[in-house]
Amino acid sequence: MPDSTVTTVSAGWALAAAAILGLLVAFAAVLDGLFSARTAGAGPSGMTRPLGETARLVRQRRRTTVAADTLLWRIGSSGLLFMALMIVTVVPLGQWTLFDLDVGVVWFNAMDVLAWAFVWLTGWGANSTHSLIGGYRFLAHGLAYELPLMFALVAPAVAASSLNVGTVAAAQADLWFVVWMPVAFLVFCTGVVAIAVWGPFTPALGSDIAGGVTTELSGVDRLVFQGGRYALLAAGAAFAVPMFLGGGNGPLLPGWAWVLVKTSALLAVLVWLRRRLPAVRPDLFMEVGWVVLLPAVLVQDLLVAVVAVWRT
Amino acid sequence: MITAISFWVLAVVAVLSGAAVFWVNSMARASYSLALSFIAVGVQVLLLQQNYIGVVTILMMVMEMAVMAVYMVMFMGMNPALMPMSMVHDKRQALAVAVGVFVALTAGVLLVPWPARRGAPAEDVTAALGEELMGPKMLAMITVGVVMAVTIVAGVVLAAHRTRYDRFGDDLRRRPAHDPQPGGVGR
Amino acid sequence: MGLSNALARYAVNHAHVLLVEAPGHWLTRAAAEQQLLARGWLFASSPADADVLALCGTPGPEIAAIAARLWEQLPGPRARVQIDAPHLAAAAFESAATKLLDVTLQRDDSQGRSATPNGERHRDNESEGHDGGHDHGGHGTHVGKGEMDGGHAEHSAMDHGGSSGHGESGDHGGMGHGMDMGHADMGHGATSHGGMDMAPAGIPMTHGGEDRDGLELDVLHLRLGPVLPYWPTGLVLRCSLQGDLIVHAEVTLVDAQHARHHAGVRCAHHRAARRCDNAAGLLALSGWEDAAGRARRLRDWLLSDGDRGTTARDLDRLHRRIKRSWLLRWSLRGVGYLSAADVARLDLPGHLRGDTHDRLLSMIQRAADDIAGSADASSDASEHVPIVKIGDVVQGLDIATARLVVASLDLDPQPAASAVAHA
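Chains as they are written, first to last, in the working numbering: chain A, 42 to 353; chain B, 214 to 400; chain C, 120 to 542.
FYI, nobody ran anything at the bench for these hints, they're computed from the structure. Cβ atoms here follow ideal geometry from the backbone N, Cα and C, with glycine treated the same way. Possibly wrong hints are sitting among the right ones.
[What the hints assert, rightly or not] Sample of chain A residues with no beta-carbon within 10 Å of chain B, all distances over it, derived:
1) G53
2) A55
3) A60
4) D215
5) L301
[As the list claims (entries may be wrong)] Selected chain A positions facing chain B (in silico; Cβ < 7 Å):
6) T111
7) L113
8) V154
9) L155
10) V332
Take these sequences, add in the hints, and give me the full structure.
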């Protein structure tokens, strides 16, 4: 690898990475529990909700449906967690990384399109109308957010002249990319929220279609699917740190601590957003994605490219 | 050693899941076993240290298969999609052609005297490959890219049942446009 | 043992409840909602998600049958309770919690059920090889009966005919009334397709029909309601779908002939509470949980005769908040627009004029008017929405917008029961 700025740690540390991701998931879930308990206005604080929800789903029986495609269904529902784990392998924690891939940015992209497959398969496999409509709604969102997301990732890569995540982070020692490519950052965050089927992008799980993709999921399948959504949100927030938020750069604290602090902060914002925003209907968002977001992010890329050329 | 073993395992996975496309009897399974086959190939390309190409293969193919599954289900009509349906047509000739091509290619691989390596591989193999493929022909590649995009747009425009007169009225003055499904930016 | 006990207690403290409301008992449902949130429990969106099935009110025969079908689909451990009156909700949930914790009870319950739905057995017999029927359902138009019927005798996905008392033609009356999660009623128009198993797992094929672009697309019959989150009680919409577009819809009410509680909410506070309840449903459907929760709390205050001044102020704040949200306006603007002419033609009350966003604001406004004691006429009981007209209103919409539009019609509890019965 040319000009790599991070050390690759041995594969055994993957467990530690998974544990950190788990902690972030727990953090996000507790936060969400607190927020929703506040909305309900009564009852317990919601602190223990993630734990209770886990206990509930572990205890619950799995079920199948008539003429379900069980194989694809299970693959789909467990896939989101797999995606999140694959994404964090290329995120450097300060100076350490698990997988110092020279094309880490594209790796993130390859992993995030897996959501197309997994969410749709979860909707398809159950052989239920509501869950299938949910699956199609996700693809409709996907058609709108995916290209802007891809072009949003181009901006930091062009600015750093590298597709290596560590190098992109190192290139922000003076100035965080979020400062001079805010459009790309916002579009990236939109994409992360969308792949996690979160907040405004929940029509695929909408209560108008009885839970959409999750209509027929129960027990451990539902646990893994919902946990996977949180994990994707956490992994996406973690990936935004080296891409836009200066990676481990920051005063006083060591690099790894800054990465965790920034990740948690962004994650908290994303969790909080869910309660503040209504859902974006896929049929309306489609046009926004193509007519507003895509041109906006292309202009952003152009500006970044001009600056990058001018600098050299 | 590990690399060699994983390469072979992936090769077997790629071939078997490729073949599974014709064994399974559902369009979703057929699409996604093809996706699996491509993913295995993508990881193999990674093992060949063509990182960019390997990862992009995975990216493109998963997305393509997701779209393909949806389109298959849509265009095949709903009834056949519901039924457990055979994924092959014209079995005998297809089989003959497939076996013939496979034998020819394998024979080629095995019989051609592969040259020994001369010189060391470039520092950045992906860049070197790109340079080799496109370097002198960049202008042509850029032109081809634009032409392809224009072709797609033109194809959609020509195929579309509705025209701007349906949307904006005969004098093209009607605002907002009359659409069966209004979009999100209020055009 | 200690661990599994602790696990069970944690699980039961966070149970999800599927509420089934018998027509005419919305106050019981509102009380149940309030109680379950106070326990830290949550609403289940589908039977698969539920641990507790709570039947609110005294059910008529149809709702009882539906509840029984739904009960089969709960994965278990599960508990079923009936809440006869608002003040009994707390005790009922307490007993549900006890049932969920009762290991012997749950074990006996689960031993009586097999792990696979009956259809599996059918399928194995009928089609050879692996996964004979696995991918039907897929493509939005046909099917789906996602039901796990725990292997009980009448898995009637295949029983054609009206075993349940309202057997319209073309409808598998026996199968859970389609009420819930996407049990589609399949048409029987299977055309011949050489050599294939025409009804994998007993699911017949669909007919085709021209869609709005003139392409042939299958028509799927799906019943929306009566048990769906934020769906008007007792309402059943028999939809013919192409993709997720409703090409035709027909309205019925469950237990219509048994309705004793007759339309109308007399007390002004209750009327305002009903407006808030409807607004909460619409806000939840539009995906804005925060605002929905706020509207629900307002409803609960109104029902418990809370302080008038505070409630009015909070209502006003909610109104302003909804008005300020440009994202909500963007997503509801123009949805289900009813011009003055449409309102007259469909014989709807005047306050439904405009689009869904206007109707949402007018709902809150009318709640405020009710509290203030003014403009009694505006939400007078005489201005009921004729339920049969809902079919005309939602025709041509996709499911998402249809749900929003139906929620925006601001129906009163079981208002037109008698009207439909006479019609």
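Hints versus structure:
no., hint, verdict
1, G53, "holds, 15 Å"
2, A55, "holds, 16 Å"
3, A60, "holds, 25 Å"
4, D215, "holds, 26 Å"
5, L301, "holds, 27 Å"
6, T111, "violated, 12 Å"
7, L113, "holds, 6 Å"
8, V154, "holds, 5 Å"
9, L155, "holds, 6 Å"
10, V332, "holds, 5 Å"
Of the numbered hints given earlier, the model fails hint 6 alone.
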